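Student: As given, the protein sequences belong to chains V and Y, one line each in that order.
Under the working numbering, the residues of the first sequence are numbered 1 to 417, in order.
Under the working numbering, the residues of the second sequence are numbered 1 to 625, in order.
Keep in mind that the hints were calculated from the coordinates and are not lab data.
Keep in mind the model is a prediction, meaning the values are calculated, not measured.
For every residue, glycine included, the Cβ atom is placed at its ideal position computed from N, Cα and C.
Just to be clear, a hint being listed does not mean it is correct.
Short, incomplete list of chain V residues facing chain Y, as computed with Cβ under 7 Å [said to hold, decoys possible]:
{"#": "1", "residue": "Arg31"}
{"#": "2", "residue": "Ala33"}
{"#": "3", "residue": "Gly64"}
{"#": "4", "residue": "Val390"}
{"#": "5", "residue": "Ile394"}
{"#": "6", "residue": "Glu396"}
{"#": "7", "residue": "Tyr399"}
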Amino acid sequence: MKILYVVHQFYPEFSSGTEKFLLNLSTAVQRDAHFPEIVAYTFVEDEGFVRKRNLLIREYRYQGLPVTSIRHRKTPADIHFSCLNADVYKFALEFLQRKGGYDLVHIGHPMRLVSFAGAARDMSLPYIVTLTDFWMLCPKILLTTSEGTLCSGPEGGESCAGLCPEIQQAFIKDRLAHAREILTGAQAVVSPSNFLAGIFKKEMPDVDLRIIPHGMEFRHLKSNLKRYGSNETLTIGYCGVLAPHKGVHLLLKAFLELNPKNCQLKLYGSCFHEQDYLRYLKKMAWGDQRIQFCEPYSEQQVGDVLSDLDLLVIPSTCYENYPLVLHEALACNVPVIASNIGGMAERIEDSVNGFTFQVGDDKDLAARLKKVIDSPEILNELKQGIAKCVPPRIEEEAYMYARLYRRVIERQPPSRN
Amino acid sequence: MKSPKFLSHPGSLILPIEAGYRAELERLRLRLRECEEKIRSLRLRDAGKEKALRELSAQLEKKERLIESLKSMQAEQRQAVEAFRKEVIRFSELVRQLETHLNRIQSSNGWKALQLYYRLREQVFPPGSRRRKAVRILWRAATRQPLPKLRRSFGLFRAQVLMDKFVWYCRIYGFRNALKRALQKFHTDARPSRFDIRPLSVAMAEIPGCEENLPLIDKKISVVIPVKNGGEDFRNLLKKIKAQKGLRECEIVVVDSKSTDGSAAVARQEGATVIHIPPESFTHAYARNRGAECTTGEYLLFIVQDALPLTDTWLWEMAHTLEHNDVAAVSCAEYPRSDCDLFYQHIIWNHNRVLRLDRDRFLSWDNSCSSDTGLRSNAQISDIAALITREVFEKYRFRTSYAEDLDLGIRLIKDGHRIGFLYSTRILHSHRRSAFYFLKRGYVDAKFLNGAFPNLPFPAVRDQQTAFRDIAAMYSRTNHAVAAITGFAREATGVRHLIDRIRRVYSSENGPDWNCPPLDPDGAHLARFVDDLTDRGGVHRPKYSCRDNMLVPRMFEGLGVMEDFLLQSRRYVDEQLTGELTAALYKLFALCSGAHLAYLYLTLSTCGSPGEAVIDLDRRLTSGV
Chain V
1 MKILYVVHQF YPEFSSGTEK FLLNLSTAVQ RDAHFPEIVA YTFVEDEGFV
51 RKRNLLIREY RYQGLPVTSI RHRKTPADIH FSCLNADVYK FALEFLQRKG
101 GYDLVHIGHP MRLVSFAGAA RDMSLPYIVT LTDFWMLCPK ILLTTSEGTL
151 CSGPEGGESC AGLCPEIQQA FIKDRLAHAR EILTGAQAVV SPSNFLAGIF
201 KKEMPDVDLR IIPHGMEFRH LKSNLKRYGS NETLTIGYCG VLAPHKGVHL
251 LLKAFLELNP KNCQLKLYGS CFHEQDYLRY LKKMAWGDQR IQFCEPYSEQ
301 QVGDVLSDLD LLVIPSTCYE NYPLVLHEAL ACNVPVIASN IGGMAERIED
351 SVNGFTFQVG DDKDLAARLK KVIDSPEILN ELKQGIAKCV PPRIEEEAYM
401 YARLYRRVIE RQPPSRN
Chain Y
1 MKSPKFLSHP GSLILPIEAG YRAELERLRL RLRECEEKIR SLRLRDAGKE
51 KALRELSAQL EKKERLIESL KSMQAEQRQA VEAFRKEVIR FSELVRQLET
101 HLNRIQSSNG WKALQLYYRL REQVFPPGSR RRKAVRILWR AATRQPLPKL
151 RRSFGLFRAQ VLMDKFVWYC RIYGFRNALK RALQKFHTDA RPSRFDIRPL
201 SVAMAEIPGC EENLPLIDKK ISVVIPVKNG GEDFRNLLKK IKAQKGLREC
251 EIVVVDSKST DGSAAVARQE GATVIHIPPE SFTHAYARNR GAECTTGEYL
301 LFIVQDALPL TDTWLWEMAH TLEHNDVAAV SCAEYPRSDC DLFYQHIIWN
351 HNRVLRLDRD RFLSWDNSCS SDTGLRSNAQ ISDIAALITR EVFEKYRFRT
401 SYAEDLDLGI RLIKDGHRIG FLYSTRILHS HRRSAFYFLK RGYVDAKFLN
451 GAFPNLPFPA VRDQQTAFRD IAAMYSRTNH AVAAITGFAR EATGVRHLID
501 RIRRVYSSEN GPDWNCPPLD PDGAHLARFV DDLTDRGGVH RPKYSCRDNM
551 LVPRMFEGLG VMEDFLLQSR RYVDEQLTGE LTAALYKLFA LCSGAHLAYL
601 YLTLSTCGSP GEAVIDLDRR LTSGV
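Assemble the whole structure, with the sequences as input and the hints as a guide.
Tutor: Structure, rendered in structure tokens:
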């Protein structure tokens, strides 16, 4: 099989969850003697680009994978939320014709390069789409309103008119129509969680949706085998981006309010563009020796970092569709306290393998933390709950996709095969 | 003291009593004389009998000596008969081989085409005709003055290349072996059209959404897992088996060979039955048979400790295939782990490709089973994960200590059973082994294949010294090849160029042989082994010769397969690939060297005793595989 992966950004400049998922998937495909190739959008202003009309093209290799990255000479204003881009569409048609021989196009994230789906359709090439967030439904991606509250879906654009009045309703309706066209035209649409699939199913019931959970790279994970007594010193952690929608301030508030003596708090991650937020967090934690701001860790360090924690907190105020760090923590046998929404609530069963708290409620979070800090032995019970279910491995995810690819390709008319 | 009563009787009574005693005495005397007479006569009779006995004993001894001499004569005759029988078997085997070769040749498309060609030639250019003479003259003219383009267009160039290759093989392997290889190659090329591939259709349940609606497999399935220090993989396997859906009942039996990492406790914790066997009595067949004895299910699943089902419906899919397709057993293909190295990836790919196991298939006895590849393909039961009905298993069981699964498969299809092989359903399993392991693996595989398929030709390696020299020289040349590709990624060329560069190193006669250090980071064991061979053979710094080194054809063959695999999945070369290829080259060398040492052992064994050094090598290389 020859598979073309399309993604909104890729390594080495970007390394978030979607890129990790795509890297894992394409290397697994390569290991199984198939040919993967990646097309990604980039913002890097570097030498080595070749000009092609309004686009700049660069080819490179990343961990044995051939990658073609493209960017506009002049970045369009709507590049992050538009479902149509004429330059990208033309490039996609040429690219698919020039390279040729692809059996399937897999859209890893539709942002910026969604026109590849249209080009594939026009060339009668089968394509599948993986949904990793709400970009196809919400131009703001996170499904949040202008006031920062959570939204339950665009409802054909009607909700957006009231909740996000700054966005033109005609644009939203147009965009949703395009999104529907792309998703219904796909041979398969995959969601990593039931929650994400449910939101899309509500909006577009005719889309063929299936669930393939993201897998963990177990090679880099390490099990936390600690057993806890009543007077244990605990290390509570947060791992992820330091941004307001991740709710790190809620964790700090709860921690400071509890003011525990036998506890330390480690915050791993960087703030990207949210410098003000980082300053705010540091101001909150000022002078407290128990709170540490740690550098982001590499993929190889995941096991060391997570197994060193006794408890992980994910206080996101937005829907997390499939938080990788939550699954990595469970795979490392580390209990999690998470907000009671989205993909987090889908995975954490309250008081069984962790705790959930009312989203955005630092008091409720503090109550959960107090429960653990006062009697750390409760962590032993949570660990028993964790042990009952093994999170999926990356090989399992790749295998499910490989079977899906085969099915999609076999379903094609004979001329395509 | 009181006197007896009768002494007090009067004297008149004493006389008649005395007379009575005397008469009695007389009677006894007479009787005594009679007895003495009798004894005398009996003695006389005994003496006669003793004499007769002595005579009989003498006769017996004589006859025993006769029997002894007859026995020794019989033994000699038996030996002669045995030798004669062996000779007959050898000849009939030879005849069978030749008949098989002949049949294959006659049934090949090439032969048919040739026959057709002859018939046409006889019709169009009858012998002795003018037309025939004219064509002969033209042909001679054409072959005397080579016209490259014309020759190429007629395929003569290819024929010349093949002839050169044949001559090269003759020099390296000897004429007979080269001829055997050529014939084998000839059949291999002809085989695809004759491979009887019957697709197996399985109703898959691959979409997790459908898991709840799986039709129940109303059977008890017993899972048998031989274990030794299974670690985290084993724990995950147990959990995954317990999570399988769509089955009525599932029991797990773990056969533990004295694990020291608590595997037995983990198994008990997960509800499995644990049987202990002493590690010294472990063989793949014994452990599995022992485990199967303790099961109660209608279906038996044999699975290895480091395999992992990739979905929760994996076992259902296997059982569903077994239940609905009139097959005795079902097994499935491997899916590589994320840490699987390049060499093992290419082994999995090549295994599936060569044995045509890259699709769901029914396997049974057919015409292709006359070749070793065909038989291996059609008898494919993989012990990594194999599901079999209890009824069939109890009849056959595992037998051999190595490749017990292939042995079972062969027996099953020979008896008319069908086997199912799934490629659409696969199991997570791969190894990341050292180069030295592959040396042992190459050795054991070659020995096993020779035992299982006696017709399989192998190069005769008669000289221990030469064999050791070839291995040492090839190791040195592999160091050079690795040095030649280090940093190659910077030149930004393709996979073909990379492999060509390696080929050039191996095919070059020139170049310093011993100034290049080994570059395999995990190859210390292999390096020590090669040093040991060098010392044993007294072949210090042997010179590498592409023309004479017997490992060269195998290395080139292996490189060809590796090139095909890389072209399948990669376009460019980068540092990661050159790094992985470095390790793969050492492993390829190790595999070829292992096989070469096995050929040495087999050749010397057929000629007589292999000798102390080779027997010692055999001991070292067969342990722990």
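Student: Could you work out which earlier hints the structure fails to respect and list their numbers in ascending sequence?
Tutor: Per hint list: zero violations.
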